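J.: Dock chain B against chain A, hints included.
The listed protein sequences derive, respectively, from chains A and B.
Under my numbering, the first residue of the first sequence is numbered 124, with each subsequent residue one higher.
Under my numbering, the first residue of the second sequence is numbered 12, with each subsequent residue one higher.
I should point out that these hints are in silico values taken from the structure, not numbers from a laboratory.
Bear in mind that the values here come from a model prediction, so they are computed numbers and not experimental data.
Heads up, the beta-carbon is just placed ideally off N, CA and C, and yes, glycines get one too.
There could be a bad hint or two in this list.
[Claimed, not checked] Away from chain A, derived, C-beta distances all over 12 angstroms, residues of chain B: (1) E40; (2) K47; (3) T57; (4) M64; (5) L82; (6) C94; (7) Q125; (8) K126; (9) S144; (10) L172; (11) I173; (12) R195; (13) I210; (14) R280.
[To be verified] Footprint (simulated), chain A over chain B, 3 or more residues, beta carbon under 8 angstroms: (15) 308 to 315; (16) 334 to 341; (17) 355 to 365.
[What the hints assert, rightly or not] Now the in silico label distances, taken between C-beta atoms and shown as ranges: (18) B/D198 <-> A/N388: 30 to 38 angstroms; (19) B/T188 <-> A/M124: 21 to 29 angstroms; (20) A/F276 <-> B/G75: 26 to 34 angstroms; (21) B/L139 <-> A/R345: 30 to 38 angstroms; (22) A/M124 <-> B/S86: 42 to 50 angstroms; (23) A/Y127 <-> B/N265: 52 to 60 angstroms.
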Amino acid sequence: MGKYLVKRVLLAILSVIIISAITFFTMNLIPGGPFNKEKAASPETIRLLEEKYNLDKPVGQQYLMYMNNLLHGDWGVSLKTTRDIWTDISSKFSVSAKLGGTAAILAIIVGVVLGSAAALTRNRLPDRLIVFFTTLGTAMPSFVLATLLLLVFCLKLGWVPVWNAESPNYVLPVIALSVYPMAYITRLTKTSMLDSLNQDYVRTARAKGVPRGKVIFMHALRNALIPVITYVGPMVAYILTGSMVVENIFTIGGLGSSFVTSITNRDYTMIMATTMFLAILMVIANLITDIAYKLVDPRITFK
Amino acid sequence: MNQEEYTYKRRQILSSQVDLSKFNAKDFEKATDEEKRQQDVMGESTTFFKDGMRRLRKNPLAMGSIIVLVLIIASIIIAPHFCPYSYDQIITVNGKRDKSATNMGPMEFSKMEQKYMDETGEELFPHLFGTDSLGRDYFIRVIYGTRVSLSVGVVAAVMVLIIGLLYGSIAGYFGGTVDLIMMRIVDIIYSLPDMLMIILLSVVLNETLTPLISGTMLAKLGTNMISMFIVFALLYWVGMARLIRGQILTIKNNEYVLAARCIGTKNGRILRKHILPNCLSVIIITTALQVPSAIFTESYLSFLGLGVSRPLTSLGSLANDARGAMQSYPLRLVIPAVIICLIVLALNLLGDGLRDAFDSKLK
Numbered sequence: 124m125g126k127y128l129v130k131r132v133l134l135a136i137l138s139v140i141i142i143s144a145i146t147f148f149t150m151n152l153i154p155g156g157p158f159n160k161e162k163a164a165s166p167e168t169i170r171l172l173e174e175k176y177n178l179d180k181p182v183g184q185q186y187l188m189y190m191n192n193l194l195h196g197d198w199g200v201s202l203k204t205t206r207d208i209w210t211d212i213s214s215k216f217s218v219s220a221k222l223g224g225t226a227a228i229l230a231i232i233v234g235v236v237l238g239s240a241a242a243l244t245r246n247r248l249p250d251r252l253i254v255f256f257t258t259l260g261t262a263m264p265s266f267v268l269a270t271l272l273l274l275v276f277c278l279k280l281g282w283v284p285v286w287n288a289e290s291p292n293y294v295l296p297v298i299a300l301s302v303y304p305m306a307y308i309t310r311l312t313k314t315s316m317l318d319s320l321n322q323d324y325v326r327t328a329r330a331k332g333v334p335r336g337k338v339i340f341m342h343a344l345r346n347a348l349i350p351v352i353t354y355v356g357p358m359v360a361y362i363l364t365g366s367m368v369v370e371n372i373f374t375i376g377g378l379g380s381s382f383v384t385s386i387t388n389r390d391y392t393m394i395m396a397t398t399m400f401l402a403i404l405m406v407i408a409n410l411i412t413d414i415a416y417k418l419v420d421p422r423i424t425f426k
Numbered sequence: 012m013n014q015e016e017y018t019y020k021r022r023q024i025l026s027s028q029v030d031l032s033k034f035n036a037k038d039f040e041k042a043t044d045e046e047k048r049q050q051d052v053m054g055e056s057t058t059f060f061k062d063g064m065r066r067l068r069k070n071p072l073a074m075g076s077i078i079v080l081v082l083i084i085a086s087i088i089i090a091p092h093f094c095p096y097s098y099d100q101i102i103t104v105n106g107k108r109d110k111s112a113t114n115m116g117p118m119e120f121s122k123m124e125q126k127y128m129d130e131t132g133e134e135l136f137p138h139l140f141g142t143d144s145l146g147r148d149y150f151i152r153v154i155y156g157t158r159v160s161l162s163v164g165v166v167a168a169v170m171v172l173i174i175g176l177l178y179g180s181i182a183g184y185f186g187g188t189v190d191l192i193m194m195r196i197v198d199i200i201y202s203l204p205d206m207l208m209i210i211l212l213s214v215v216l217n218e219t220l221t222p223l224i225s226g227t228m229l230a231k232l233g234t235n236m237i238s239m240f241i242v243f244a245l246l247y248w249v250g251m252a253r254l255i256r257g258q259i260l261t262i263k264n265n266e267y268v269l270a271a272r273c274i275g276t277k278n279g280r281i282l283r284k285h286i287l288p289n290c291l292s293v294i295i296i297t298t299a300l301q302v303p304s305a306i307f308t309e310s311y312l313s314f315l316g317l318g319v320s321r322p323l324t325s326l327g328s329l330a331n332d333a334r335g336a337m338q339s340y341p342l343r344l345v346i347p348a349v350i351i352c353l354i355v356l357a358l359n360l361l362g363d364g365l366r367d368a369f370d371s372k373l374k
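Next comes chain A alone, as it looks inside the complex (with noise of 0.2 angstroms):
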């Protein structure tokens, strides 16, 4: 174990390096500098700029002197707002937080109930519905839900209002977020419930006289819980890049909106600021993940 949480400690941390590599001398390979505005400054003053910021030193001292400053905390300025990039995006992540965290929860939960109920009654109608929608919700985008949620219920029935910061509704755009995930999650669950119910400790259980409702909870179910948290990794991810357009959609001020925003406005410190806090995000959950699954099971060995 301990060996095994040191290589997958040390494969996060250079996937982390990777990415900020990538990130920053993709980002270098835009032609045109940050100083080159609409309105044409004199090579004397950008040369002055380009070297109060640095930007006359070769690309891999730059890039050392970034992640230099990104140890300590110092993630820049947005090269459009002059704004402080750390400030901006821990106000926004607070609001991406709160929604991309409530979709994850309810998909979690709603996604292990529906999937156990369609392993129980097995090909009886309740399975068949639950199949039904998980099917269809696999196979719809979540722009393409947002935009149609947004459209029906808040414009056309008006029974959700419009998005306000001051009075925030999550209804919508959770729902929005968290469908894809609940369907992949009940799929997975159902599954392995079926898996673990024709498992021979659980036969065992119910010839001991266990009651059934012990037998799925205590026997069955905690068992076919183990795949669902390999997903948790990958559903972090899936939130994280699908609050992007439903942020954008419903007009809320999180981090994944003012991501689309910098890079429609070719924000490029804030888009390398942005893909570094979310890609870090994603390669802690899915450290998480893994280490996790293992705890869980201890007969998962990695080889």
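T.: Chain B in isolation, oriented as in the chain A frame:
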């Protein structure tokens, strides 16, 4: 029952003698060839492919998906031939730009068109889905959008297949240090958040590719499309490569591979003739499921404004463009959205059906 009767009965029961008087000479003739064939209860010999297709045909969901996909593909091939409009053409009547033809509902005609039809008695082709805010026929735009989305999906899947197949089979077949190094690379690429990298690379490649390809054939396709393909080729093959490597690792330990090697068969031939055909089913299924995931990604990027360049369009960018006037013209959003869902749903169900039909583990 007396003793005599009893012994007689017993003898009769236990006797293996046959009463010959019940038979005649005909019963002792040899069976003809036809009679022999009738005794043959063997089923017709079947191939792996035929067997799978038989099972696929029995799956109503998969067959329904095939019908839906065939209908969609047929319509995107045929429709541009009979529809007189083009995806980037603003509607003109008698050579003059029709300014009243914007934002029309389905099957409507603009005032100018109506006047023209009344005057000349000529029937104009109806705008099946209406027109967009620039006065372009929406039906043909949807058709072209579907074309772009589907071809992005298929091209991406084929690219993933080729790269993943080469990489995975080399790593799996040679094993040892080669495998170790190749798989560490895969591990690292696998741990990168793919969607973020795609967005980042699309943004960057967009800026850098534009001057490189201007004026060439590729320019029409747009830098976004090219960068999307580059990104697919760079990042998406790792899953495929892992899968194929795993398959090959199990297959290459079979006796027939050993036998082939013993008689001196070359590596390439063993891979082509003995190993790859055996993991064909897994390859087909994974490729089939790759298409909808590529369509998903493409529509997502188009929705972020990183998709195909105007005036060419895809289903994702159509949906994105329709968002502005969502409340007044909801149909323009609903149509591409429904088509995306339909395509992805059909491909997913078909992929599942293929897995059920061709995966030997489930037999």
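J.: Confirm or reject each hint.
T.: Checked hints:
Under the 12 angstroms C-beta cut-off, the non-interface status given to B/E40 relative to chain A holds; the minimum distance is some 54 angstroms. Non-interface call for B/K47 relative to chain A: holds, since the shortest CB-CB distance, roughly 44 angstroms, exceeds 12 angstroms. Every CB of chain A lies more than 12 angstroms from the CB of B/T57, the least distance being 28 angstroms, so the non-interface label holds. Distance check for B/M64 against chain A: the nearest CB is about 23 angstroms away, which clears 12 angstroms, and the non-interface claim stands.
No beta-carbon of chain A is positioned within 12 angstroms of the beta-carbon of B/L82; the least distance is around 17 angstroms. With a least CB separation of 25 angstroms from chain A, B/C94 remains clear of the 12 angstroms interface cut-off, as annotated. The beta carbon of B/Q125 is kept farther than 12 angstroms from every beta carbon of chain A, the shortest such distance being approximately 30 angstroms. Look at B/K126: its CB is around 35 angstroms from the nearest CB on chain A, clear of 12 angstroms, so calling it non-interface holds up.
Every CB of chain A is more than 12 angstroms from the CB of B/S144 (nearest about 17 angstroms), matching its label as outside the interface. With a least beta-carbon separation of about 22 angstroms from chain A, B/L172 lies farther than 12 angstroms from that chain, consistent with its non-interface assignment. Against the 12 angstroms criterion, B/I173 stays outside the reach of chain A, whose nearest CB is about 23 angstroms from its own CB. Against chain A, the non-interface label of B/R195 is violated: not every CB pair exceeds 12 angstroms, the least being about 9 angstroms.
Against chain A, the non-interface label of B/I210 is violated: not every CB pair exceeds 12 angstroms, the least being about 7 angstroms. Residue placement check: B/R280 keeps its beta carbon more than 12 angstroms from all beta carbons of chain A (closest about 30 angstroms). Proximity of the segment 308 to 315 of chain B to chain A, defined as three or more residues with a beta carbon under 8 angstroms from a beta carbon of that chain, is established by the 4 residues found. Here's how the segment 334 to 341 of chain B fares: 4 of its residues keep a CB closer than 8 angstroms to some CB of chain A, so the rule of at least three is met and the hint holds.
Given a C-beta distance limit of less than 8 angstroms, the hint that chain A covers the segment 355 to 365 of chain B holds, as 4 residues qualify and 3 suffice. Separated by about 35 angstroms at the C-beta atoms, B/D198 and A/N388 satisfy the suggested range of 30 to 38 angstroms. Between B/T188 and A/M124, the C-beta spacing of about 27 angstroms keeps the proposed range 21 to 29 angstroms intact. Between A/F276 and B/G75 the C-beta distance comes to about 30 angstroms, which sits within the given range of 26 to 34 angstroms.
In this structure, B/L139 and A/R345 break the distance hint of 30 to 38 angstroms, their C-beta atoms being roughly 55 angstroms apart. Between A/M124 and B/S86 the beta carbons are some 57 angstroms apart, a value that contradicts the proposed interval 42 to 50 angstroms. The beta-carbon spacing between A/Y127 and B/N265, approximately 31 angstroms, falls outside the hinted interval of 52 to 60 angstroms.
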